[in-house]
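There are 2 protein chains.
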Amino acid sequence: MDATEFRRRGKEMVDLIADYLENIEQRTVYPDVEPGYLRSLIPEEAPEEPDTYEDVVKDIERVIMPGVTHWHSPYFYAYFPTANSFPAMLADMLSGAIGCIGFSWGTASEATLVALLAARCRAVRMILASDPQRPETGITSKLVAYSSDQAHCSVERAGMIAGVRMKKIPTEQSDKYAVQGETLRRMIQEDKAAGLIPFYFCATLGTTPSCAFDHITELGPICNAEKIWMHIDAAYAGSSFICPEFRPLLNGIEFADSFNFNAHKWLLVNFDCSTMWVKKRSDLIGHWQIPLGRRFRSLKMWFVFRMYGLKGLQDYIRKHVELAKEFESLVRADQRFEISADVVLGLVCFRLKGSNEVNETLLKRINNGRKIHLVPCLLSGQFVLRFALCARTTESRHIREAWQLITQLAEEVMQELPH
Amino acid sequence: MDATEFRRRGKEMVDLIADYLENIEQRTVYPDVEPGYLRSLIPEEAPEEPDTYEDVVKDIERVIMPGVTHWHSPYFYAYFPTANSFPAMLADMLSGAIGCIGFSWGTASEATLVALLAARCRAVRMILASDPQRPETGITSKLVAYSSDQAHCSVERAGMIAGVRMKKIPTEQSDKYAVQGETLRRMIQEDKAAGLIPFYFCATLGTTPSCAFDHITELGPICNAEKIWMHIDAAYAGSSFICPEFRPLLNGIEFADSFNFNAHKWLLVNFDCSTMWVKKRSDLIGHWQIPLGRRFRSLKMWFVFRMYGLKGLQDYIRKHVELAKEFESLVRADQRFEISADVVLGLVCFRLKGSNEVNETLLKRINNGRKIHLVPCLLSGQFVLRFALCARTTESRHIREAWQLITQLAEEVMQELPH
Numbered sequence: 087m088d089a090t091e092f093r094r095r096g097k098e099m100v101d102l103i104a105d106y107l108e109n110i111e112q113r114t115v116y117p118d119v120e121p122g123y124l125r126s127l128i129p130e131e132a133p134e135e136p137d138t139y140e141d142v143v144k145d146i147e148r149v150i151m152p153g154v155t156h157w158h159s160p161y162f163y164a165y166f167p168t169a170n171s172f173p174a175m176l177a178d179m180l181s182g183a184i185g186c187i188g189f190s191w192g193t194a195s196e197a198t199l200v201a202l203l204a205a206r207c208r209a210v211r212m213i214l215a216s217d218p219q220r221p222e223t224g225i226t227s228k229l230v231a232y233s234s235d236q237a238h239c240s241v242e243r244a245g246m247i248a249g250v251r252m253k254k255i256p257t258e259q260s261d262k263y264a265v266q267g268e269t270l271r272r273m274i275q276e277d278k279a280a281g282l283i284p285f286y287f288c289a290t291l292g293t294t295p296s297c298a299f300d301h302i303t304e305l306g307p308i309c310n311a312e313k314i315w316m317h318i319d320a321a322y323a324g325s326s327f328i329c330p331e332f333r334p335l336l337n338g339i340e341f342a343d344s345f346n347f348n349a350h351k352w353l354l355v356n357f358d359c360s361t362m363w364v365k366k367r368s369d370l371i372g373h374w375q376i377p378l379g380r381r382f383r384s385l386k387m388w389f390v391f392r393m394y395g396l397k398g399l400q401d402y403i404r405k406h407v408e409l410a411k412e413f414e415s416l417v418r419a420d421q422r423f424e425i426s427a428d429v430v431l432g433l434v435c436f437r438l439k440g441s442n443e444v445n446e447t448l449l450k451r452i453n454n455g456r457k458i459h460l461v462p463c464l465l466s467g468q469f470v471l472r473f474a475l476c477a478r479t480t481e482s483r484h485i486r487e488a489w490q491l492i493t494q495l496a497e498e499v500m501q502e503l504p505h
Numbered sequence: 087m088d089a090t091e092f093r094r095r096g097k098e099m100v101d102l103i104a105d106y107l108e109n110i111e112q113r114t115v116y117p118d119v120e121p122g123y124l125r126s127l128i129p130e131e132a133p134e135e136p137d138t139y140e141d142v143v144k145d146i147e148r149v150i151m152p153g154v155t156h157w158h159s160p161y162f163y164a165y166f167p168t169a170n171s172f173p174a175m176l177a178d179m180l181s182g183a184i185g186c187i188g189f190s191w192g193t194a195s196e197a198t199l200v201a202l203l204a205a206r207c208r209a210v211r212m213i214l215a216s217d218p219q220r221p222e223t224g225i226t227s228k229l230v231a232y233s234s235d236q237a238h239c240s241v242e243r244a245g246m247i248a249g250v251r252m253k254k255i256p257t258e259q260s261d262k263y264a265v266q267g268e269t270l271r272r273m274i275q276e277d278k279a280a281g282l283i284p285f286y287f288c289a290t291l292g293t294t295p296s297c298a299f300d301h302i303t304e305l306g307p308i309c310n311a312e313k314i315w316m317h318i319d320a321a322y323a324g325s326s327f328i329c330p331e332f333r334p335l336l337n338g339i340e341f342a343d344s345f346n347f348n349a350h351k352w353l354l355v356n357f358d359c360s361t362m363w364v365k366k367r368s369d370l371i372g373h374w375q376i377p378l379g380r381r382f383r384s385l386k387m388w389f390v391f392r393m394y395g396l397k398g399l400q401d402y403i404r405k406h407v408e409l410a411k412e413f414e415s416l417v418r419a420d421q422r423f424e425i426s427a428d429v430v431l432g433l434v435c436f437r438l439k440g441s442n443e444v445n446e447t448l449l450k451r452i453n454n455g456r457k458i459h460l461v462p463c464l465l466s467g468q469f470v471l472r473f474a475l476c477a478r479t480t481e482s483r484h485i486r487e488a489w490q491l492i493t494q495l496a497e498e499v500m501q502e503l504p505h
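Top line first, the protein sequences correspond to chains A and B.
Going left to right, the first sequence walks through residues 87 to 505 as our numbering numbers them.
Going left to right, the second sequence walks through residues 87 to 505 as our numbering numbers them.
Calculated directly from the structure, the hints in this document are not laboratory data.
Warning: the hint list may mix true and false statements.
Any copy will do: because identical chains look the same in the list, a pair fits if it lies in one copy or spans two.
[Said to hold, decoys possible] Quick list of in silico lysine to aspartate or glutamate cross-link-like pairs, DMTMM-like style, CA-CA up to 25 Å:
id, residue 1, residue 2
1, Lys411, Glu481
2, Lys450, Glu111
3, Lys397, Asp141
4, Lys411, Glu111
Go ahead and model the full structure; you've got the sequences and the hints to work with.
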């Protein structure tokens with residue numbers, strides 16, 4: 087669907103919404119279906135080829151509406167109101183289109199926290215089962231959680247919220263910034279010797295700084311043997327696993343207790359839409375999410391899966407990865423620059439060969455120009471520029487234009503500063 | 087704005103969005119404004135009378151766009167992608183219109199938790215300041231938080247997440263289910279005598295079961311004297327405070343450390359949009375919210391404030407309260423029924439004079455009919471029906487129709503069951 091078709095479909099949707107709200111009182115306010123009614127109405131899997139938009143729209147009445155509680159019907163007097171007005175809907179349409187992220191980029195943060203809370207519960211339960219005399223209050227203060235020093239800041243914050251010790255596992259450039267089994271094993275042994283109780287490890291597939299992948303085939307069996315909850319944060323990289331060629335990055339997933347990725351990052355579903363899997367449902371009950379309420383987020387996922395089809399989604403991921411490779415080639419062809427981390431998906435970490443100062447100045451110059459926008463990261467103490475493929479509409483010409491701008495500014499900076 | 091105007095404005099918005107996305111690369115990707123630039127561009131207060139929609143739309147370019155980072159520009163290579171596609175936007179429009187709440191009704195839950203975490207931090211900091219030798223790990227296990235036995239379940243859950251003791255303060259029908267100062271004072275003294283550290287009290291203005299209001303003019307000074315963080319959960323009732331006649335319900339707010347209400351409940355702003363105030367900004371830094379990212383929610387609030395004006399919003403609240411009073415009169419005029427709690431805002435708690443069984447049967451019969459939808463609550467062990475004014479479009483005729491249905495079913499039930 088392009089902008090031209092969106093103009094048409096958007097207007098149809100506006101009419102559909104107006105019709106829905108004008109006639110809402112003719113609908114049965116409370117659904118007369120059993121949980122699971124959807125299963126027989128929709129296919130087991132997302133379509134390989136896109137569905138037609140007409141089919142999707144037809145299914146709104148056939149599939150979705152029979153299960154909806156009509157909160158805005160004048161026959162609805164349950165709970166408390168949930169607001170709804172035409173101006174708010176218009177603003178929300180615009181907000182969805184602007185699609186800017188308020189503070190940073192993730193509700194994977196919540197998945198990390200939720201998994202940690204479930205792990206804390208499980209750990210306390212197991213300890214009390216083996217030693218019922220032990221006072222429960224003392225257990226939490228002995229618990230220790232781990233993550234990579236490359237992990238997202240939300241992991242540390244989750245530990246702080248839950249009031250448990252959080253330790254960062256050091257990574258090395260020579261290991262491609264991935265956590266190694268040996269390092270985790272050693273830290274666990276040291277902590278156990280000191281009387282602590284290791285209970286949670288947050289592995290990352292596709293770290294924020296450099297898109298590094300922790301070795302979960304090594305780490306998983308260690309966690310399982312030590313009864314440590316292994317949560318996998320694949321917030322960004324997770325979307326790529328719909329392509330068979332990237333699936334090997336997921337090897338070891340069978341050892342995980344929980345897994346999260348953000349469909350709102352790289353799978354064409356507007357913010358926010360974060361997905362989480364858990365191995366044992368019962369571990370998570372009571373902790374599904376922090377807020378009680380949630381938006382009807384799966385609706386947009388369903389539209390996207392159907393309108394793109396698996397193939398369309400795969401093409402989209404592959405195109406971004408190709409564009410990243412194209413940018414990598416441009417960087418490698420220029421002797422003044424270096425690539426700072428393996429380019430696996432849609433992120434290229436690069437820098438001028440030279441001081442941090444020269445790279446900081448380059449980035450400042452780039453962003454002050456306001457033509458393109460990049461953010462940095464620190465890798466082994468080096469100031470590195472992150473070139474992340476983001477927009478749905480990015481083409482090869484944008485990449486080349488960006489590179490031209492970067493090299494031009496680099497030239498200026500190198501003439502001005504010692505490097 | 088009615089459905090007819092929405093048809094027109096919605097289609098204009100679709101074009102505006104398509105124009106925005108088709109031409110996004112001509113925009114400056116990263117804003118060239120200083121924090122606070124908005125202040126001089128918008129009025130200090132929401133308009134008393136509605137603005138015109140044309141004015142609102144004009145301000146999108148004048149006010150909003152200069153501050154936007156265009157995450158979907160092909161010149162944006164920062165962070166990671168945030169997804170955006172036409173089908174997802176269409177689905178989100180529909181999702182906003184359906185506006186059903188996924189699980190229950192609140193992200194006030196998050197405010198409660200966030201306030202509790204800040205309170206925990208502050209308490210630990212104060213204790214360590216007065217006794218630097220004390221081990222930090224022991225402090226949390228001594229902390230105790232309080233809330234009414236009428237408080238939302240999310241309060242208890244917040245305590246569980248933060249790993250602190252949570253105590254429920256009993257309320258009485260004779261006190262209109264409000265927490266009394268004397269009860270709180272006594273519990274604090276008992277807990278302190280037992281070596282515990284009271285640190286947090288969540289007061290409710292407008293409880294979920296019966297819309298009861300805790301006596302914050304009494305409770306506030308006690309909390310302040312004991313250095314207990316007082317959080318006020320006004321998730322539902324908060325919207326009514328835009329009407330001067332309901333403002334006295336807020337007396338004592340000056341003692342609160344934090345305050346929350348959900349604009350998405352009763353202020354015409356689509357789900358989700360929860361607002362929180364905190365007395366001392368620095369107490370909350372690092373805890374603003376659980377997820378890192380957030381949607382651009384203030385946009386819809388701005389549209390709604392401008393398109394309704396303060397007057398329009400006040401009229402809306404007053405209309406719901408009047409409809410609730412109308413329903414209350416119908417109940418009071420029928421000797422078989424009784425009102426179970428004061429009707430202050432848009433909630434009427436009522437029951438058949440008789441057993442819980444007869445009331446449970448009545449509610450089941452009502453909901454099975456699927457014409458109207460109500461949920462129950464328990465008040466002093468009595469099964470009570472909650473009639474909450476919810477829909478934007480509810481009129482007097484819907485109230486009368488609902489009452490006719492209820493009395494008709496009540497008659498059937500009373501003939502079948504002893505009561």
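So, going through the hints one by one against the coordinates:
Taking CA atoms no more than 25 Å apart as the test, Lys411 paired with Glu481 passes inside one copy only; the shortest distance there is 13 Å, against 61 Å between copies. For a Cα distance limit of 25 Å, the shortest separation of Lys450 from Glu111 across copies, 21 Å, qualifies, whereas the shortest one inside one copy, 57 Å, does not. When the C-alpha separation of Lys397 and Asp141 is checked against a cutoff of 25 Å, the pair qualifies only within one copy, where the shortest distance is 18 Å, while the shortest distance between copies is 43 Å. For the identical chains of this complex, Lys411 and Glu111 are inter-copy neighbours only, at 22 Å across copies versus 55 Å inside a copy, given an alpha-carbon limit of 25 Å.
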